[in-house]
Amino acid sequence: MAAAFRRSAARRLGGLLSWIGLVGAIAAAWQASLWFGVMTPELLPPIGEVLATAVSLLGRPAFLASVGVTLAEVLVAFAIAVPLGVALGFAISESSYWSAILKPIVFLIFSIPKTIFLPMFILAFGINFGQKVGFGVFSTIFIVLISSFSALDSVKSDHVRVARAYGASPWQIAWRVYMPAMAPILLEAVRLAMIFNLTGILLAEMYASRAGLGQLIASWGENYMLKELLAGILLIAAAAILFNEAVRWFEARCEHWRS
Amino acid sequence: MSTMARGTTAGSPASASAVPRSEAKAPLRIVASAPGAVSVAGVSHTYDVSGRVTKALDEIDLAIAPGRFVVIVGPSGCGKSSLLMMMTGLTKPTAGTIVCGGRPMTEPDPDVVGVVFQEASLYPWLTAQDNVEFPLSLRRVPKAERAARAREKLALVGLQGFEDRYPHELSGGMKQRVSIARGLVQNPSILMLDEPFAALDEQTRITMGDELLRIWAETGKTVVFVTHSLSEAAYLADEIVVMSARPGRIIDRIEVALPRPRTYEMMSTPHFAELRERIWRQIRHQVSEG
Chain H
1 MAAAFRRSAA RRLGGLLSWI GLVGAIAAAW QASLWFGVMT PELLPPIGEV LATAVSLLGR
61 PAFLASVGVT LAEVLVAFAI AVPLGVALGF AISESSYWSA ILKPIVFLIF SIPKTIFLPM
121 FILAFGINFG QKVGFGVFST IFIVLISSFS ALDSVKSDHV RVARAYGASP WQIAWRVYMP
181 AMAPILLEAV RLAMIFNLTG ILLAEMYASR AGLGQLIASW GENYMLKELL AGILLIAAAA
241 ILFNEAVRWF EARCEHWRS
Chain P
1001 MSTMARGTTA GSPASASAVP RSEAKAPLRI VASAPGAVSV AGVSHTYDVS GRVTKALDEI
1061 DLAIAPGRFV VIVGPSGCGK SSLLMMMTGL TKPTAGTIVC GGRPMTEPDP DVVGVVFQEA
1121 SLYPWLTAQD NVEFPLSLRR VPKAERAARA REKLALVGLQ GFEDRYPHEL SGGMKQRVSI
1181 ARGLVQNPSI LMLDEPFAAL DEQTRITMGD ELLRIWAETG KTVVFVTHSL SEAAYLADEI
1241 VVMSARPGRI IDRIEVALPR PRTYEMMSTP HFAELRERIW RQIRHQVSEG
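Chains as they are written, first to last, in the working numbering: chain H, 1 to 259; chain P, 1001 to 1290.
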């Protein structure tokens, strides 16, 4: 036990060190490219200035308002797409009739890049909150559907039979057998869903929008405001990585038995 | 210990179960309500696959007296596992009745029958201890009692000290020990095992057979054991029930005259060879057909 704990602690420390190393290497390469004249400050502002801009952005009400808009869109789209996708995925999987018809269609649509449908969303919804959420849901729901299919497939009929042999009620089977068996795949679905969701909504904001982080990023780019642009990229990247790692940490706790 | 278990079964009414089929029904009514007794009467099963009706089991009658070790053997596809699943109450036969310990098995009853499945039926996300506690937790047995009973059964199957291991940290034989502990944890009078050692290597298989016999002798349960291995059947059983290929029928019931406790050396006795031969003679042509 103690040895296993020490091993996992060492692994975590190693992971942390390699993270610090990676970030340090990127920062060093950034600065070195300026010192050796590969990049000019007009193309790549010094990292210290970008970080200072990032800090000051966090104090600007206009920036925080944009964060609020994007966050609201992302959360609403996520709160619709994930439960809806899981529920639909289970409903389709449970019926062999609908599975046969709908699963191939879901896989076909999944293979199409969702971005090409963005203009249609603008035509249908206009340029507003609902359009961003709608496009976010559309970008996200197929990966959730596909993950739900495989989550249900991962439940072994033997495990259900054991529970029935010991007198489990349908509710107990759902809670004590289906949930733990599916948890790792469903958490992975949550993680992937957030990536697809963020991508869809930021793109919709960059393409046509009056508010939001995507709109800011696009206008900073067009107006050659490199410090703000890079600071915005760093902040969004950090937030996305943070969410992803938090879910991954939870995932690892739920799937320690899968080796 | 094992002689004690023999003592309790020797005088029981249905121990003379090698009698012809028509007579087998008479003593059945006497024992059917006793704890640990199993009675299968007129069980047939048909299922249809896209319009084609297939008869899987045909008129199965089987009476098992409390405390006996009965092995059902037959070619693959003879419906022996299906029959066992019906005896556990997990599936329903198309016709006929099954009574275990006086209760009709229309649905699983873990107070009467504990079930041990083929490999990989343990929950991989639970420790050995939690797997054994699982049936108790379904019935909301208090935590302390649950833990104590599961520990006791794990000790019975020789897994003291392995309580906190997850299934992927255990060998195949150890996993099946956990399964047996789980089957015993509600203290049922009957234990039913569906090819429990089929996925194990031969050496582990023999050891596990000995272990099961020891546990059987210590607990005095009725054991119904399904296998396709002739040696396993002859080595473990008081009585061997031989089934034919589809539709599954009971074509022979053989009393095993080998003394208890069984030892590995008995496998090279003439009687053991005769038993194997007698089973093989009856199922040989059906195996090659399949």
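Check before you lean on any hint, since a few could be wrong.
[Said to hold, decoys possible] When the alpha-carbon atoms are kept at most 20 Å apart in a straight line, the in silico DMTMM-like pairs for lysine to aspartate or glutamate are as follows:
id: 1; chain 1: H; residue 1: K156; chain 2: P; residue 2: E1195
id: 2; chain 1: P; residue 1: K1092; chain 2: H; residue 2: D158
id: 3; chain 1: H; residue 1: K156; chain 2: P; residue 2: E1119
id: 4; chain 1: P; residue 1: K1092; chain 2: P; residue 2: E1119
id: 5; chain 1: P; residue 1: K1143; chain 2: P; residue 2: D1164
Hint data in this document are derived by calculation from the structure and do not stem from the laboratory.
Evaluated hints:
Our distance criterion of 20 Å between C-alpha atoms is met by H/K156 and P/E1195, whose separation comes to about 18 Å. Between P/K1092 and H/D158 the CA atoms are separated by roughly 17 Å; this keeps the pair inside 20 Å, and the hint holds. At roughly 12 Å between alpha-carbon atoms, H/K156 and P/E1119 fall within 20 Å of each other, so this suggested pair holds. For the proposed pair P/K1092 and P/E1119, the alpha carbon gap of about 23 Å is over 20 Å, so the pair is violated.
Taking the CA atoms of P/K1143 and P/D1164, the gap is near 16 Å; set against the 20 Å cutoff, the hint holds.
The structure does not agree with numbered hint 4 stated previously, though it agrees with all others.
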